[in-house]
Amino acid sequence: MSLDTAVVLAGGEGRRLRPLTRNRPKPMLPAGNRPILEHVLDTLVDAAVERIVLVVGYKHDRVQEHFGPSYRDVPLEYAIQRKELGSGHALLQAREHVDEPMLVLNGDRIIDPSIVADVTDAFADRGEPTLAVMEHPEAHTFGAVRLDGDRVSELVEKPMAGEYRLINAGVYAFTPEVFDELAETPKRDGELDLTAAISRRIEADDPVWGVRTDGLWVDATFPWDLLSITREVLHTNRIDEPETEDTLHVAPSAIVHPDATLRAPLVVGPDCEVGPNAVVGPDTALGRNVTVGANATVERSVLDADTRVGAGSTLVECVTGEDVTLGANTTVPGGPADVALDDRVYRDQRLGAVFADRVVARGAVTAEPGSLVGPNATLGTGVHVRGRIDEDSEVVR
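With the numbering used here, the residue at position 206 of the sequence shown is 206, and numbering never jumps.
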């Protein structure tokens, strides 16, 4: 049974990625210097999928305006999830668009094409619901899976640490009957999860098959994950820019001063400018139209489009949103850090600082490890930042 259609669930906000998701959905955050969702679509196109339905929701216009009606000549259709009511509810929004067997996957994870191929091949043999299963050292962070041979015997939503080693990789193959099964699945706490419908099927002794697979699988859940995703993208050479070396990519329209130093792996996007004696890289991505001033150092960082880094600045393990201005001698020394998100503290994370969209730092600003600066905040000259700075704040000495 062939799989020519894919449904990509790309409607989530990504609350634990705030403040970066204040103005765009999680799948549009950068992996390298391109949105995560572009990498997902590349995987599907490379797997010979002929039609893609994107389920969008939060800030859906950002997705639709970026991709339009097609991607690499593959038609795109859009189904809108008006409220975030769970992954099962998101898939149900595609019902009017799909009446054939389909691949289903998340739009916020970068995966190896071999994972899709493994699920497609297994589904072709049986024609029954199939999901990708992977070994993962932190299965308690994701949904765990118990197998009986090749058959899924249990999905565990919140496993205990160390108890499981197999995870649900979030790549599925279904027949259109999945829509009826979702419609009949009771909501929990007002949400309809895809895994709840699958678990209900398992409990009814209807077969769900698990295919063991491996390969690149990286998830963006927290701000520091954007650094690790970018590192993976760079090291596996998944950048669509002309190469100058295996892991050093400089767009033809970028201007790099002859006295600047570029350290691979690195991507320098279109229309960037790197000034004299600047040092950029390794494990760094510069989005479109980023400027790095003279004598500045940027390493293990992700700088999104239109970011300006002033002369003499030092940025380590830094993530910026779009249209960020960091004045001269800005200092971000890098992690480890204890980062407070959603009333929980995450210990020893490799995160220097996050500057969300349109932050302006006037100059000589220092950000302690783990600082999160919200959109449109202004940091006065010489300010020392720690913890969270709220959106639209103005901080002065």
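Hint data in this document are derived by calculation from the structure and do not stem from the laboratory. Please note that the accuracy of each hint is not assured.
Derived pair list, reagent style DSSO-like, types lysine-lysine, alpha-carbon separation capped at 30 Å [as the list claims (entries may be wrong)]:
1. K83 <-> K59
2. K158 <-> K187
3. K187 <-> K83
4. K158 <-> K83
5. K59 <-> K187
Hints and how they fare:
Distance restraint check for K83 and K59: the Cα-Cα separation of roughly 11 Å lies within the 30 Å cut-off, and the hinted pair is therefore satisfied. Between K158 and K187 the CA atoms are separated by roughly 18 Å; this keeps the pair inside 30 Å, and the hint holds. Simply put, K187 and K83 have alpha-carbon atoms about 14 Å apart, close enough for the 30 Å limit, and the pair holds. The suggested pairing of K158 with K83 holds, with an alpha-carbon distance near 24 Å, which does not exceed 30 Å.
For the hint pairing K59 with K187, the CA-to-CA distance comes to about 24 Å; that is within 30 Å, so the pair holds.
Consistency note: the structure conflicts with none of the earlier hints.
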